Amino acid sequence: MLPNTLCKELSSIVGREHILTSPEDLVAYSYDGTSVEHRPDAVVSPLDVEQISRVMQICNREAIPVTPRGMGSGLAGAAVPMSGGISLCLTRMNRVLNLDAENMMAHVQAGVVTADLQAQVEARGLFYPPDPSSIKHSTIGGNVACNAGGPRCLKYGVTGDYVMGLTVVLADGRILQTGGKAIKNVTTYDLKNLFVGSEGTLGIVTEVLLKLIPLPKFARTAMAVYPMLEGASATVNNVLRAGVLPATMELMDHTTIGTIEEYLRLGLPTDAAAILIIEVDGGDEDTVTKEIETIGRVCRESGASEVRVAKTEQERNDLWRGRRSVSPSLARRRPNKLGEDISVPRAAIPEAIRRIKAVGDKYNLPISVFGHAGDGNLHPNILYDKRDPAEVRRVEQASRDIFGIAVELGGTLSGEHGVGVLKLPYLGMAESPIEIELMQAIKRVLDPKGILNPGKKFPCSC
Amino acid sequence: MADARNIWQGIQLPSEEQYLACIRCGLCLSVCPTYRETLRETDSPRARLMLFRKVIAGELEMSHGFTDKMYRCLDCLACNAICPVGIKPGDLALAARSVIHQAKPQPWIKPLIFGGLFPNASLMETCMMPMLLYQRLGIQRVVNTLGLTRRLPTRLRDYERMLPSLPVRSLRHRLPETTPARGPRKYRVAFFLGCFQNMIFADASAATVRVLARNGCEVVTPKNVKCCGMPHLGYGDVATARALARHNIDILEKLDADAIITDCATCGSTLKEYGAHLLADDAEYRDKARAFSVKVKDVAEFLGAIPLREPEHPLKTRVTYHDPCHLRRGQNVWREPRRLLQLAGAELIELREADWCCGSAGTQAITHYASSMQILARKTENVAKTNAAIITAGCPGCQLQLGLGAQRAGLKVQVQHPIQLLDRAYNDR
Ligand SMILES: Cc1cc2nc3c(=O)[nH]c(=O)nc-3n(C[C@H](O)[C@H](O)[C@H](O)COP(=O)(O)OP(=O)(O)OC[C@H]3O[C@@H](n4cnc5c(N)ncnc54)[C@H](O)[C@@H]3O)c2cc1C
Ligand code: SF4
Ligand code: SF4
Numbered sequence: 001m002l003p004n005t006l007c008k009e010l011s012s013i014v015g016r017e018h019i020l021t022s023p024e025d026l027v028a029y030s031y032d033g034t035s036v037e038h039r040p041d042a043v044v045s046p047l048d049v050e051q052i053s054r055v056m057q058i059c060n061r062e063a064i065p066v067t068p069r070g071m072g073s074g075l076a077g078a079a080v081p082m083s084g085g086i087s088l089c090l091t092r093m094n095r096v097l098n099l100d101a102e103n104m105m106a107h108v109q110a111g112v113v114t115a116d117l118q119a120q121v122e123a124r125g126l127f128y129p130p131d132p133s134s135i136k137h138s139t140i141g142g143n144v145a146c147n148a149g150g151p152r153c154l155k156y157g158v159t160g161d162y163v164m165g166l167t168v169v170l171a172d173g174r175i176l177q178t179g180g181k182a183i184k185n186v187t188t189y190d191l192k193n194l195f196v197g198s199e200g201t202l203g204i205v206t207e208v209l210l211k212l213i214p215l216p217k218f219a220r221t222a223m224a225v226y227p228m229l230e231g232a233s234a235t236v237n238n239v240l241r242a243g244v245l246p247a248t249m250e251l252m253d254h255t256t257i258g259t260i261e262e263y264l265r266l267g268l269p270t271d272a273a274a275i276l277i278i279e280v281d282g283g284d285e286d287t288v289t290k291e292i293e294t295i296g297r298v299c300r301e302s303g304a305s306e307v308r309v310a311k312t313e314q315e316r317n318d319l320w321r322g323r324r325s326v327s328p329s330l331a332r333r334r335p336n337k338l339g340e341d342i343s344v345p346r347a348a349i350p351e352a353i354r355r356i357k358a359v360g361d362k363y364n365l366p367i368s369v370f371g372h373a374g375d376g377n378l379h380p381n382i383l384y385d386k387r388d389p390a391e392v393r394r395v396e397q398a399s400r401d402i403f404g405i406a407v408e409l410g411g412t413l414s415g416e417h418g419v420g421v422l423k424l425p426y427l428g429m430a431e432s433p434i435e436i437e438l439m440q441a442i443k444r445v446l447d448p449k450g451i452l453n454p455g456k457k458f459p460c461s462c
Numbered sequence: 001m002a003d004a005r006n007i008w009q010g011i012q013l014p015s016e017e018q019y020l021a022c023i024r025c026g027l028c029l030s031v032c033p034t035y036r037e038t039l040r041e042t043d044s045p046r047a048r049l050m051l052f053r054k055v056i057a058g059e060l061e062m063s064h065g066f067t068d069k070m071y072r073c074l075d076c077l078a079c080n081a082i083c084p085v086g087i088k089p090g091d092l093a094l095a096a097r098s099v100i101h102q103a104k105p106q107p108w109i110k111p112l113i114f115g116g117l118f119p120n121a122s123l124m125e126t127c128m129m130p131m132l133l134y135q136r137l138g139i140q141r142v143v144n145t146l147g148l149t150r151r152l153p154t155r156l157r158d159y160e161r162m163l164p165s166l167p168v169r170s171l172r173h174r175l176p177e178t179t180p181a182r183g184p185r186k187y188r189v190a191f192f193l194g195c196f197q198n199m200i201f202a203d204a205s206a207a208t209v210r211v212l213a214r215n216g217c218e219v220v221t222p223k224n225v226k227c228c229g230m231p232h233l234g235y236g237d238v239a240t241a242r243a244l245a246r247h248n249i250d251i252l253e254k255l256d257a258d259a260i261i262t263d264c265a266t267c268g269s270t271l272k273e274y275g276a277h278l279l280a281d282d283a284e285y286r287d288k289a290r291a292f293s294v295k296v297k298d299v300a301e302f303l304g305a306i307p308l309r310e311p312e313h314p315l316k317t318r319v320t321y322h323d324p325c326h327l328r329r330g331q332n333v334w335r336e337p338r339r340l341l342q343l344a345g346a347e348l349i350e351l352r353e354a355d356w357c358c359g360s361a362g363t364q365a366i367t368h369y370a371s372s373m374q375i376l377a378r379k380t381e382n383v384a385k386t387n388a389a390i391i392t393a394g395c396p397g398c399q400l401q402l403g404l405g406a407q408r409a410g411l412k413v414q415v416q417h418p419i420q421l422l423d424r425a426y427n428d429r
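Keeping their order, the protein sequence lines are chains E and R. For the first sequence, the working numbering begins at 1 and goes up steadily by one. For the second sequence, the working numbering begins at 1 and goes up steadily by one.
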């Protein structure tokens, strides 16, 4: 509970109706896209940078924890206010401030829904490529704070690759503007990138300047079917070596295929060990067609038993619908799932999947593996039932084993979902003490009182 | 928390399956009109589900605030359609209202009031497919009485067998315009008289009206409604279907009913489509159609959301239930009819593949005889395995088809509308 005087002070800044304290509101802001829960003491929804600055001044003065929040689609528990305090909700700040077609940049507020931005940008013949599967229900601010990626990252890179400048409100309310429309800039440390992927622990991202590129006019999509995992993995490198850089190379394993098929009946090959969904795009139709042909050939040479190239937009949509429905169709099999997000060197993919399957057998848990094969980012999903305590314990052990596999193979715990609270206990397996100490030191400089999203991303140094 | 269960004694709660599997992904936020309006998580489908869940678990009080949040849901079902896991947050918000009603009865909150009046749609040619079918069958009946049946091919004899015994007078002439509620009036509902029901299954619809009245509904039955338009849509005649839709909206809108009830699965799913699709691009009717469709309720669905009287004469019969396509997938109504049957005291035997199509699909039995009969054979086999005395289905098309299947297989099973069983359990007749 916030003292009444504080509530009054805050409402004089953002308006009474934008401070929520009813039990229903507190429950609604107690979760994100995971099963982690903790209620805030109040929800504050500011409208602009100045309001945020004034809110932060008060919170810093009173040492009230502040957890920034976009649309709460995060998969690490990062937006859950574990220490209570204020849930700072950015969704009202959803304006595209400027679309600069000449410099190909978009200046937006942090609460813009990513899909809305994409639609506006594409209407102008431009392209904002990052495409997390949560594109319709996540914000640019959240994407920046998690450095969100998506299937297209192989060719186009992650959110951070498009951030040209940021406006950030620091813990004490100071407003930092960093970066800008100049494409090259070496006069300061790359401060903006400090905030990319910081999960709300270093400052409140309020405005973002994003780089845009010309919209590719043509795209072709193919599905390659593999009787053996190795073939799928070999394809990834063989395609790149053949001189083609596809926009996406998405992998789904046997368990995943079966689950989607059960739910959507798209006619996927349920007896395959794996399938790859590969898409090429570009500005020239002939090139795109040639590229998809090359890919078809390389897939077959690498061990694909079948390659289906989508002939119509409907077929293409079906392929993507299958991919996008992975997560939810898994949820139809068991009541709960723990979705991991490990990242390994590309060549280690078959080994990683094999070992993960062994973990599933060891703990008697179904584990489905899918992910962005092009960049070695795998999502092993452990399916379980939370109501069975013994099973929950096995899930914890299995997920620790999976992290172990990632690290042993030269990879890491999270490729795109972030650490939040869910991966905190395992951080030491992947990050060196020096890295963790440095992060703590940076945190102390920017947020000496430790009010910004405390207890997330790395262990607190206090 | 430990005694959360006690709080709910005697109250019908939605099953855990309806909400436990929500992965909280947030996709439903993207389509929810109330969320998009306020940009507040509390007004989102995900939150409604979560709040309800917390209330059931005893972690949140069933306060005025909670009630308000549940009633803010517009019941537009957009979240139901988009949820990739198959959760229906919209339905849960409705279930929550039912729970609220059961636990702390409150004044019925009136749904949206319709917009202003507008001129009647012009009269039009309305070709009622079921009537046509009926007439053609009627001809076969004549042939039959003349003793020619044995010389007719099986196919024609099959059509003849589909016919139940005819009501003496069509329901249109028998039902009063207004049937008063028995006991205090809690709701005012409009009953949509479907063609099939009116002409062939009048007894089922008469039962529907009685059961509604029994549960505090004043039932208004306008006699000048026309076919819902489904047969026309089925035959690609969208223009007539739209004209019918406008006509029906004009008639029913005026009644200011809390709900528009139908006991025909096909009518129900069609009436519910007026707003979402059929008149979605009709500038004049779009909004009215949307408001109209929101009110349309299958009778089982409506009864599932209000507190019901216990029947005085529970049946002890072995009964099974077939899920009509237009009810289960078209309207996601499938728990409610089962609950009605259980309320009626029936021993409910779950039918294997209960939600598989029976092969009737409108007039498939006429247009695609062979495949329709194959699908029916599979259904009939499953029906036989239940050993039930009665097979129920809230759809006249299915009822005809199931009856035919039973006859073809020589099964001694009666075919009825679920509401007829509840009606029997209420009535001493
Ligand atoms: C079905 C589904 C699919 C997903 N697919 C992908 C995917 O393909 N790729 C991927 O990378 N992720 C994916 N995610 C994860 C998630 O959507 C992303 O992490 C997204 O970027 C979170 O955005 P959000 O607005 O929902 O942020 P939230 O969940 O609200 O917050 C996430 C974190 O960002 C911080 N934050 C939010 N806004 C700000 C701000 N303005 N300033 C500072 N900090 C802020 C929060 O404090 C928190 O730490 C998926 C999630 C779901 C549910
Ligand atoms: S109801 Fe469905 S769409 Fe909404 S959060 Fe839950 S799982 Fe996601
Ligand atoms: S049914 Fe209710 S919760 Fe679902 S989208 Fe419509 S208004 Fe939102």
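Simulated from the structure, these hints should not be mistaken for laboratory data. For clarity, every value in this text was computed on a predicted model and none was experimentally measured. Don't take each hint at face value.
Said to hold, decoys possible - Calculated pairs, SDA-like style, for lysine to any residue (alpha carbon to alpha carbon, straight line, at most 20 Å): (1) LYS386(E) with VAL31(R); (2) LYS155(E) with PRO214(E); (3) LYS217(E) with ASN336(E); (4) LYS386(E) with ALA78(R); (5) LYS54(R) with ALA273(E); (6) LYS54(R) with ASN336(E); (7) LYS136(E) with GLY58(R); (8) LYS357(E) with MET439(E); (9) LYS136(E) with VAL31(R); (10) LYS54(R) with SER35(E); (11) LYS184(E) with GLY173(E); (12) LYS54(R) with TRP320(E); (13) LYS386(E) with GLY58(R); (14) LYS54(R) with LYS136(E); (15) LYS386(E) with LYS54(R); (16) LYS386(E) with ALA57(R); (17) LYS316(R) with ARG338(R); (18) LYS386(E) with ARG338(R); (19) LYS136(E) with ARG53(R).
Now the hints, each set against the structure:
1. LYS386(E) with VAL31(R): violated, 29 Å
2. LYS155(E) with PRO214(E): With a Cα-Cα distance of about 14 Å, the restraint between LYS155(E) and PRO214(E) holds, given a limit of 20 Å.
3. LYS217(E) with ASN336(E): violated, 40 Å
4. LYS386(E) with ALA78(R): Since the Cα atoms of LYS386(E) and ALA78(R) sit roughly 28 Å apart, the hinted pair is violated (cutoff 20 Å).
5. LYS54(R) with ALA273(E): The given pair, whose Cα atoms are some 41 Å apart, is violated under the 20 Å limit.
6. LYS54(R) with ASN336(E): holds, 18 Å
7. LYS136(E) with GLY58(R): Since the Cα atoms of LYS136(E) and GLY58(R) sit roughly 33 Å apart, the hinted pair is violated (cutoff 20 Å).
8. LYS357(E) with MET439(E): Violated, at about 34 Å.
9. LYS136(E) with VAL31(R): holds, 9 Å
10. LYS54(R) with SER35(E): Status holds; Cα separation ~13 Å.
11. LYS184(E) with GLY173(E): Roughly 28 Å between the alpha carbons, so the hint for LYS184(E) and GLY173(E) is violated.
12. LYS54(R) with TRP320(E): Roughly 35 Å between the alpha carbons, so the hint for LYS54(R) and TRP320(E) is violated.
13. LYS386(E) with GLY58(R): Measuring from Cα to Cα gives roughly 19 Å; hence the hint holds.
14. LYS54(R) with LYS136(E): violated, 26 Å
15. LYS386(E) with LYS54(R): With a Cα-Cα distance of about 16 Å, the restraint between LYS386(E) and LYS54(R) holds, given a limit of 20 Å.
16. LYS386(E) with ALA57(R): Roughly 15 Å between the alpha carbons, so the hint for LYS386(E) and ALA57(R) holds.
17. LYS316(R) with ARG338(R): This hinted pair holds, its Cα atoms lying about 15 Å apart.
18. LYS386(E) with ARG338(R): violated, 29 Å
19. LYS136(E) with ARG53(R): Outside the cut-off at roughly 25 Å; violated.
In the structure shown, a violation is registered for the earlier hints numbered 1, 3, 4, 5, 7, 8, 11, 12, 14, 18, 19, in ascending order.
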